[in-house]
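Peer 1: Single-letter residue listing:
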Amino acid sequence: DAGVIQSPRHEVTEMGQEVTLRCKPISGHNSLFWYRQTMMRGLELLIYFNNNVPIDDSGMPEDRFSAKMPNASFSTLKIQPSEPRDSAVYFCASSWRTASNQPQHFGDGTRLSIL
Amino acid sequence: DQQVKQNSPSLSVQEGRISILNCDYTNSMFDYFLWYKKYPAEGPTFLISISSIKDKNEDGRFTVFLNKSAKHLSLHIVPSQPGDSAVYFCAASATGNQFYFGTGTSLTVIP
Chain A
7 DAGVIQSPRH
17 EVTEMGQEVT
27 LRCKPISGHN
37 SLFWYRQTMM
47 RGLELLIYFN
57 NNVPIDDSGM
67 PEDRFSAKMP
77 NASFSTLKIQ
87 PSEPRDSAVY
97 FCASSWRTAS
107 NQPQHFGDGT
117 RLSIL
Chain B
24 DQQVKQNSPS
34 LSVQEGRISI
44 LNCDYTNSMF
54 DYFLWYKKYP
64 AEGPTFLISI
74 SSIKDKNEDG
84 RFTVFLNKSA
94 KHLSLHIVPS
104 QPGDSAVYFC
114 AASATGNQFY
124 FGTGTSLTVI
134 P
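If you read the protein sequences in the order shown, they are chains A and B.
In terms of our numbering, the first sequence opens at residue 7 and continues consecutively.
In terms of our numbering, the second sequence opens at residue 24 and continues consecutively.
For the record, the hints were derived by calculation from the structure and aren't laboratory data.
Glycine included, each C-beta is placed from N, C-alpha and C at the ideal position.
Just to be clear, a hint being listed does not mean it is correct.
As the list claims (entries may be wrong) - Rough simulated footprint, nothing fancy, chain B against chain A, three-plus residues with beta-carbon under 8 angstroms:
| # | stretch |
| --- | --- |
| 1 | 62 to 72 |
| 2 | 81 to 94 |
Unchecked claim - Calculated from the model, a selection of chain A residues having no Cβ within reach of chain B, i.e. all distances over 10 angstroms:
| # | residue |
| --- | --- |
| 3 | 8 |
| 4 | 10 |
| 5 | 13 |
| 6 | 23 |
| 7 | 24 |
| 8 | 25 |
| 9 | 30 |
| 10 | 33 |
| 11 | 58 |
| 12 | 77 |
| 13 | 119 |
| 14 | 120 |
| 15 | 121 |
Stated by the list, open to error - Here chain A is said to cover these stretches of chain B; the calculated rule only asks that three of the stretch's residues, wherever they fall, bring their Cβ under 8 angstroms from a Cβ of chain A:
| # | stretch |
| --- | --- |
| 16 | 69 to 76 |
| 17 | 123 to 133 |
Chain A extracted, bound-state conformation (with noise of 0.2 angstroms):
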């Protein structure tokens, strides 16, 4: 079964530049998750989306940052403008929401890099 899938690996911009990130959750899976990994503060949740529906972006550092999830099958995130401190590694995970606690299914990430 295909994992959680994450594209572009890499991605290297000037700073000002848009960024996108995308992710393609595991088929079935109802919860979606943004994630960010920096050394100081390990993994940020960024958001969250159940069933399509944004649940707390309260992660989300400022309004540069968007995410949407237009289908169960896709998201993005989203950086306009983007700046130097924005660079990280960035995981979106899944997982299927039900009564009883799941892990996430996390995707092999996107390493961004903004000069």
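Guided by the hints, dock chain B onto chain A, whose structure is given.
Peer 2: Using the frame of chain A, we list chain B on its own:
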């Protein structure tokens, strides 16, 4: 504020010995805890979990212990193998959906 803390950024262990990775949390409402393993250039992969109704869960060489009164959990790997060298993240949840992660501990198993 970090609700889940891993105070040891790195750990080195000889092959065959026990590896003990520690994790502390502050939120007494957390009721589900997990450990993830991460290799370079890959995403974290789920390793083992424990519910707050238990104090121990074992899966092969991996055992997770939970001490609710101390708000502490640990992961024991016995015996440690070179392939266990990775970054280990602990995570906790109060809702079964949103997880809070620690900053990770890099384990090196020396052959």
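Peer 1: Minimum C-beta separation from residue 120(A) to chain B exceeding 10 angstroms: can you confirm that?
Peer 2: holds, 19 angstroms
Peer 1: Beyond 10 angstroms from every chain B Cβ: check whether that's true for residue 30(A).
Peer 2: holds, 13 angstroms
Peer 1: Minimum C-beta separation from residue 77(A) to chain B exceeding 10 angstroms: can you confirm that?
Peer 2: holds, 20 angstroms
Peer 1: Is it the case that residue 13(A) keeps its Cβ farther than 10 angstroms from each residue Cβ in chain B?
Peer 2: holds, 13 angstroms
Peer 1: Examine each Cβ of chain B, and state whether all of them lie more than 10 angstroms from the Cβ of residue 23(A).
Peer 2: holds, 24 angstroms
Peer 1: Non-interface claim for residue 8(A): all C-beta distances to chain B beyond 10 angstroms?
Peer 2: holds, 13 angstroms
Peer 1: Against chain B, does residue 33(A) keep a CB gap of more than 10 angstroms to every residue?
Peer 2: Fine: 17 angstroms to the nearest Cβ keeps residue 33(A) off the interface.
Peer 1: At a Cβ distance under 8 angstroms, does chain B reach at least three residues of the stretch 81 to 94 of chain A?
Peer 2: Violated - the stretch 81 to 94 of chain A has 0 residues with a Cβ nearer than 8 angstroms to chain B, which falls short of three.
Peer 1: In terms of Cβ atoms, is chain B entirely out of 10 angstroms range of residue 121(A)?
Peer 2: holds, 21 angstroms
Peer 1: Against chain B, does residue 119(A) hold up as non-interface, every C-beta pair farther apart than 10 angstroms?
Peer 2: holds, 14 angstroms
Peer 1: Quick one: see if chain B covers the stretch 62 to 72 of chain A, three-plus residues with Cβ-Cβ under 8 angstroms.
Peer 2: Our answer is that it is violated, as 1 residues pass the Cβ test (under 8 angstroms) against chain B, missing three.
Peer 1: Beyond 10 angstroms on every Cβ pair: is that true for residue 25(A) relative to chain B?
Peer 2: holds, 19 angstroms
In this structure, the hints that do not hold are numbers 1, 2 and 4, in rising order.
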